[in-house]
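Full structure from sequences and hints, please.
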Amino acid sequence: MSQIELKNLRKEFGSLVAVNNLNLTIEDGEFIVFVGPSGCGKTTTLRMIAGFEDPTSGDITIDGKVVNELEPRDRDLGMVFQSHALFPHKNVADNIAFGLRMKKVKQDEQARKVKEVSELVRITHLLGKMPGQCSGGESQRIALARTLVTEPSNFLLDEPLSSLDAKLRRELRAECDRLHDELQKTFIYVTHDQEEAMTLADRIVVMNQGKIVQMGSPLEIYGDPVSYFVADFFGNPAMNLVEGEFVSGDSGLQFKSPQFTIPLPSKYSQKQPGKGTLGIRPENVTIGATDAAASINREVELVEPLGKDTLLYFETGAERPFVAVIEGTQSVERHANVDVGFPDDAIFLFDETGARIR
Amino acid sequence: MAMTKSQRQLNFSIFRYLVLTFWLFIVAFPIFWMVGTSFKPDIEWFAWPPVYITENGTLQNYLVVWADASEYSESVHTQSLQRPWEALGNSTLISLISTTLAVLFGSVLAYGVSRYQILSEGRMFQLLMLRMVPPIVLIAPISIWYRALDLLDSVPGLVMLYFITTLPYAVWMSKSFIDEVPREMEQAAEILGASKWQTIWEVVLPLVRSGLVATFLFILILTWSEYLMALLLSKTNVVTLPIELSKYQGSTEGRVYGRQAALSVGITLPLILVGIIIRKHLVRGFSFGMVRR
Ligand SMILES: Nc1ncnc2c1ncn2[C@@H]1O[C@H](COP(=O)(O)OP(=O)(O)OP(=O)(O)O)[C@@H](O)[C@H]1O
Ligand SMILES: [Mg+2]
Chain A
1 MSQIELKNLR KEFGSLVAVN NLNLTIEDGE FIVFVGPSGC GKTTTLRMIA GFEDPTSGDI
61 TIDGKVVNEL EPRDRDLGMV FQSHALFPHK NVADNIAFGL RMKKVKQDEQ ARKVKEVSEL
121 VRITHLLGKM PGQCSGGESQ RIALARTLVT EPSNFLLDEP LSSLDAKLRR ELRAECDRLH
181 DELQKTFIYV THDQEEAMTL ADRIVVMNQG KIVQMGSPLE IYGDPVSYFV ADFFGNPAMN
241 LVEGEFVSGD SGLQFKSPQF TIPLPSKYSQ KQPGKGTLGI RPENVTIGAT DAAASINREV
301 ELVEPLGKDT LLYFETGAER PFVAVIEGTQ SVERHANVDV GFPDDAIFLF DETGARIR
Chain B
1 MAMTKSQRQL NFSIFRYLVL TFWLFIVAFP IFWMVGTSFK PDIEWFAWPP VYITENGTLQ
61 NYLVVWADAS EYSESVHTQS LQRPWEALGN STLISLISTT LAVLFGSVLA YGVSRYQILS
121 EGRMFQLLML RMVPPIVLIA PISIWYRALD LLDSVPGLVM LYFITTLPYA VWMSKSFIDE
181 VPREMEQAAE ILGASKWQTI WEVVLPLVRS GLVATFLFIL ILTWSEYLMA LLLSKTNVVT
241 LPIELSKYQG STEGRVYGRQ AALSVGITLP LILVGIIIRK HLVRGFSFGM VRR
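If you're matching them up, the sequences are chains A and B in order. Each residue of the first sequence is one higher than the one before, counting from 1 in our numbering. Each residue of the second sequence is one higher than the one before, counting from 1 in our numbering.
It cannot be assumed that every hint is accurate.
[Stated by the list, open to error] Think about it this way: if two alpha-carbon atoms lie no more than 27 Å apart in a straight line, the pair counts; the simulated DSSO-like pairs of lysine-lysine are:
(1) A/Lys65 - B/Lys196
(2) A/Lys308 - A/Lys167
(3) B/Lys196 - A/Lys106
(4) A/Lys7 - A/Lys185
(5) A/Lys7 - A/Lys106
(6) A/Lys115 - A/Lys103
(7) A/Lys103 - A/Lys90
(8) B/Lys280 - A/Lys103
(9) A/Lys65 - A/Lys185
(10) A/Lys271 - A/Lys256
(11) A/Lys106 - A/Lys129
(12) A/Lys185 - A/Lys103
(13) A/Lys129 - A/Lys113
(14) A/Lys185 - A/Lys167
(15) A/Lys129 - B/Lys5
(16) A/Lys90 - B/Lys280
(17) A/Lys90 - B/Lys196
(18) A/Lys113 - B/Lys196
(19) A/Lys115 - A/Lys129
(20) A/Lys104 - B/Lys280
(21) A/Lys65 - A/Lys90
(22) A/Lys115 - A/Lys104
(23) A/Lys115 - A/Lys90
(24) A/Lys115 - A/Lys185
FYI, nobody ran anything at the bench for these hints, they're computed from the structure.
Laid out in structure tokens, this is it:
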């Protein structure tokens, strides 16, 4: 068993607070994903767990033991760096065997394990090459193999797929998933790709400015974001977010933007009027005949067929165009006027500070 | 009318060859003349119009200088003061020891500066600025202390002098190579279970080896050809090659250029030899890009 706990973990660089009193318990075997915008402190957190960075205050415990004073190599961790950090002067086999050699594993045992792990990540054909002769995706697997072979209880992966093209990224993402299933070890994975987070994580930790904004399963994060920030971060295409005002109308609270006004579901009728944002996911927007209480009539600005789905773009005065996803390649013409519906349970409201109004 | 692309490329390569030729001429001509003169008989040393390639090639200069074959010498000058082999021995000993020490200590210091910020970049620069003080102005204090410590005119004295004066270069140069090794490379080794020493030995050293070799050669050249301080801090007991070279001017017959050239060739050859032995490292070391990412 191996449980990692971060207690009030804090890191300052001069006057900059990179990680701001983080509290988090990571269970044995969990696949946890840190996401957040650039500079929010993901790498710093990971490096503190690894022991490359000393916390300004707070504790890191592994299995109940405080490890703040422990050297990285004594923490039973494996880390895959964003840069892969392969040793350029050693061939692939020697790179992989490095950790075993440092741990004084016997020669024949080393050879056996290197062979085993390279079959696992499918790089047996690369063993004799130098890292410089390997492609990005291959280097990635080698870095993974080099860490896997030492059989740590916890894996730290810092944006391991960020430098790869989309297809390779999907492939290796699936591979990470498979490895996690197979090994049943703890994975702590950093990314700023929301899709990676959604597909891989048991639990997502969303960070912003050194703080945890929300954590939960991918579905919780997606379906029940606590703030504008989280709602905006997850989903592709992103959630439609229209700025405007909540005003009292005849039948309760209404949302009023410069371009349209719609009634809000009755559960919000007791909320305070004021400035705010209305959000709705593109796939929840209804087009055409609708039983949604709120709808607006709008001209379709652009039709983008994606094969399985079709994206419709509307102009609503927001920064980004308002997007609706409809299934299949339904024949909605450009410039046609359609009814755009906002089903009650698909509406998210955020106040001026970005906090969710429930 | 606009030039076509191929015209531009042609013009550029003409320009490039002109520049390179000019540069080669400036660099190579003195060397050519040195080697040429070393094979010329006395009368051709000053001849006008100059003799570019002698037709009366002779080894006499070499014999006189290196084999003490004074009986073959037609010019009259005292041989007693000239000890080229001894100078060669001294220079070799002094340069090798002081350069090794400078690179050894320099790279360790550089590692500290690069990885542990024991000195800020600004301080580093100040350190190098100290070296900009003309060495000659420090001769008085050094002489006084050397006299007190009995280091004047001794091998250890010169070794220490060169070690101290070249150390900043060694730090500066090897730091630039160590900076090239990504920290994550070291941390990867560490988290895989390597100790600090194993990390340095297995990861850092192999990656900066070429750089350190380049640093070594650079400092070796500095030390090997240093004249001024050697002139003032030694002379009679310990003679180095540059000092020896300066002796080849008789008081009666003027400079004996052929002999000097022959000695010069002897001074240059060992460096070229070292360069050839370590050339694999030099190409990589001087290109500063030895870490492939
Ligand atoms: N060694 C350091 N010295 C000073 N500031 C640092 C240092 N390392 C990180 N920071 C700062 O701390 C903050 C958090 O950095 P961190 O690398 O953890 O961000 P991140 O979430 O990993 O971002 P990214 O997604 O771009 O990798 C940033 O503002 C960064 O500039
Ligand atoms: Mg990062």
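So which of the earlier hints does this model not fit? When the structure is compared with the hints, numbers 5, 8, 15, 20, 21 turn out to be violated.
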